[in-house]
Structure formats: C-alpha cells, structure tokens
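Chain B: place on chain A using the hints.
Okay, here's what each chain looks like letter by letter:
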Amino acid sequence: MNKEYWPLYEVFVRNRQGLSHRHVGSLHAADDQMALENARDAYTRRSEGCSIWVVRACQIVASQPQERGEFFDPAESKIYRHPTFYTIPDGIEHM
Amino acid sequence: MTNQQQRRFEADIAGERAIEPQDWMPDDYRKTLIRQIGQHAHSEVVGMLPEGNWLTRAPTLRRKAILLAKVQDEAGHGLYLYSAAETLGCAREDLYRKMLEGRMKYSSIFNYPTLSWADIPVIGWLVDGAAIVNQVALCRTSYGPYARAMVKICKEESFHQRQGFEACMALANGSDEQRQMLQDAINRFWWPSLMMFGPDDANSPNSARSLAWKIKRHTNDELRQRFVDNTVPQVEALGMTVPDPALAWDEASGHYRFGEIDWAELNEVIAGRGICNHERLAAKRRAWDKGAWVREAALAWAEKQQRTDAA
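Sequence lines, in order, name chains A and B. Using this note's numbering, you'd call the opening residue of the first sequence number 1222 and step up by one each time. Using this note's numbering, you'd call the opening residue of the second sequence number 14 and step up by one each time.
Isolated chain A, as found in the complex (with noise of 0.2 Å):
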C-alpha cells in the first residue's frame, strides 16, 4: 500500500459576507487547487460558504499549550486596559 500520504489542509471558510472566516476542520489534498474544490465539496454542500481559505498544516505557527501560563500572564496583570476598572460617579451618562 502506498506509504506517500497527500499533504494536510486547514481550511477556513467565510460563511457569508460581513464575516470572518472560521475554521471548520482539516482534509488532506495532493495541492492547492485540489485541497480548495474538496473543501468546497466536504464543508459548503448546504451553501454553507461565499468564501474558502486552504493552508498547509505544516505552514501554520501556533503558541503551545504548555506554555500558555508565561505566553499569556503579561496580559492578566493589567485590569486597567478593561473600562470596569475606572469608576465613575453617578449620574454621568453616555459614558
């Protein structure tokens, strides 16, 4: 049996205009165009799609679980960056 195997997609699609684009799952195609039409075949059979985005697996960089601690404290310290955070009186509107 062949051991070569087709190369993994992500693929993302744009459920209608106005929205992003969102990740809906992988396939594994022999190139681009292939991995495009087979996505369009395996997640936009109901209309579900106006727009489809494919990448390589291998292409994609992403932060890793095991360092999520370090990777996102810088974030947790600064309650100031939320609009809670400040205090205003009463009876100041639009604000």
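FYI, nobody ran anything at the bench for these hints, they're computed from the structure. We treat Cβ as the ideally placed atom computed from N, Cα and C, and that holds for glycine. Don't take every hint at face value.
[To be verified] Residues from chain B that face chain A, not an exhaustive set, calculated with beta carbons under 8 Å:
(1) D36
(2) G89
(3) L92
(4) S96
(5) R105
(6) A311
(7) A315
(8) T321
(9) D322
[As the list claims (entries may be wrong)] Quick list of simulated restraints, FRET-style, between CB atoms:
(10) B:R48 <-> A:Q1287: 22 to 28 Å
(11) B:R75 <-> A:R1289: 48 to 54 Å
(12) A:H1244 <-> B:R20: 27 to 33 Å
(13) B:L74 <-> A:R1267: 18 to 24 Å
Just chain B now, with coordinates in the frame of chain A:
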C-alpha cells in the same frame, strides 16, 4: 510536571472545559478517542455501501437525487471524523488501513444486506435515527474536535432521518405489497438498530472510564431506551408493528419496556461473522486498491506543477 499536567487535565474535565489537540492528555484517553472516533469514521464510510446498492434502482429521480445527497453526506461525515481523529496524532491512511485489514471495527449495522427498496427508507429513519440519538449525546463529549464534528454531523443527519420517514410514509400509504415490504424491512432492521448502541451496561467494560472522562455522556442502555421511546410512536404512525412481542408501554416509568436483545447475534457480527462482513471489507479493499493509481498520479502532477512553478 506530569502530576501537574494530570491535575490540570482532571480539572478541565471536571470543569466542563474542552480538551483541545495540543493539550496534555493521558495516553489511554488519547487511545480511547482514536479508537472511538476512528470506528465512527469507518462506520460512515462503510455505511455508504448498503445504501449505494440502491442508487441505480431508486424508484424515482427525486428519490435518487436524495439518496445520492445522503450517501455523499456519509462520505463527508467520515471525513470530518478522520479529521478529528488526526488531531490526536494519527494518520488517516493508517486508521483506514487498519479498517481494511480488519484490525479496527465499524458499526455492526452495516453488515446487514439491503434486500428491497424499503430497506433504504427504513435505514434512513431507523439507523440514522439511532445514530442521531448517539451523536446528539456526543455533541457534549469532552474532546473539542470530536464535539465540533458531532455538531456539524447532527445538523446534517436530521435530513437523513426525515427523508427516510417520508419515503416510509409513501410505502405505508401505498399498495398492500408496499406495506408488506415496509413491514418486512422494519422486521429485519428493528433489532440490529437496537444493537447499534452496543452491549448492555453490565457488559460494557470500557463505559465507566469513558463516562468518567466524559467521552461518553450517557450509558448504552440509556441511549437505547431513548431511541425506543422516540421511535415506537413513529412505527405506530406508519400503521406498522414493532417485531417484539414483549414491547409494552410502562405507565409508571414513562418508558417502553422491550424484549431481550439477541446478544449472541451481535457478538457474531462484531466477530466478523455477520451476513455481509466479508462483502463490505472486500468492496472497500477493492476501491482502495483500484484507486491507488489516482492517488499516485495526483501527487505526481502536484510535484510536476511545483517544479514548473519553481523554474
């Protein structure tokens, strides 16, 4: 470190936070998921065969177009599930090969033959109906990619069941022969549909652990009972009967009581000795082998294109 990871995993499970692909997970959790999602994917793919048997002989063009769309959906569902399994670090081809070699299983139901057209409506209604009960429960499974695949599949399965019931109604409102055909199909698929939920809870050794990990959210018997409760009124609405003399409504519990499943039959089918086990695997192996040149040619073409682009 490992203790800390284990505690974090357990806290995520307890707190109903989904486990995602790169997260640390116990080896057995990973193995259980690969086995379950892989089997589920194989079932979708093998499940195309019994229905494919009637594609060219559908009674009308309308039924044919519907059946084609349904069979295409099953291929798509297989793909979503292989895609989810692959996030656990296995290759789709390896899973697929294990199925072809009989080292991984698929649902026992697809080892029954489709003898008449009536089997197709009945499969859509009963078999997909049973699958929906199982899959709706799995929309809350603890592994994120599996849960998301289930949500997408459930949205699409609803069409499968409804088209099946509609085609059953056409037979139920037809001639005596058509009604007889429908009853015969129900008689043959009723018990195998109940078997789709697996062994009873007392004989389901892995259930407790899968429930603790929230891979499964309900026991086999709970889901089976739900299916029976859902379906008996539908059988009656068609003017058909359930092939179970022990079936009775139990006012006190609010559930239908039903007869004992023939577990010996289920075990035979699972062991590879069902009516169509051999035929199903042979068809899949033939398709895989005959498609080899297409897979190789597509790859060779892609490589040639890349060389042309680079030049």
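Hint by hint, work out which the structure violates, then give me just those numbers in ascending order.
Per hint list: 8, 9 violated.
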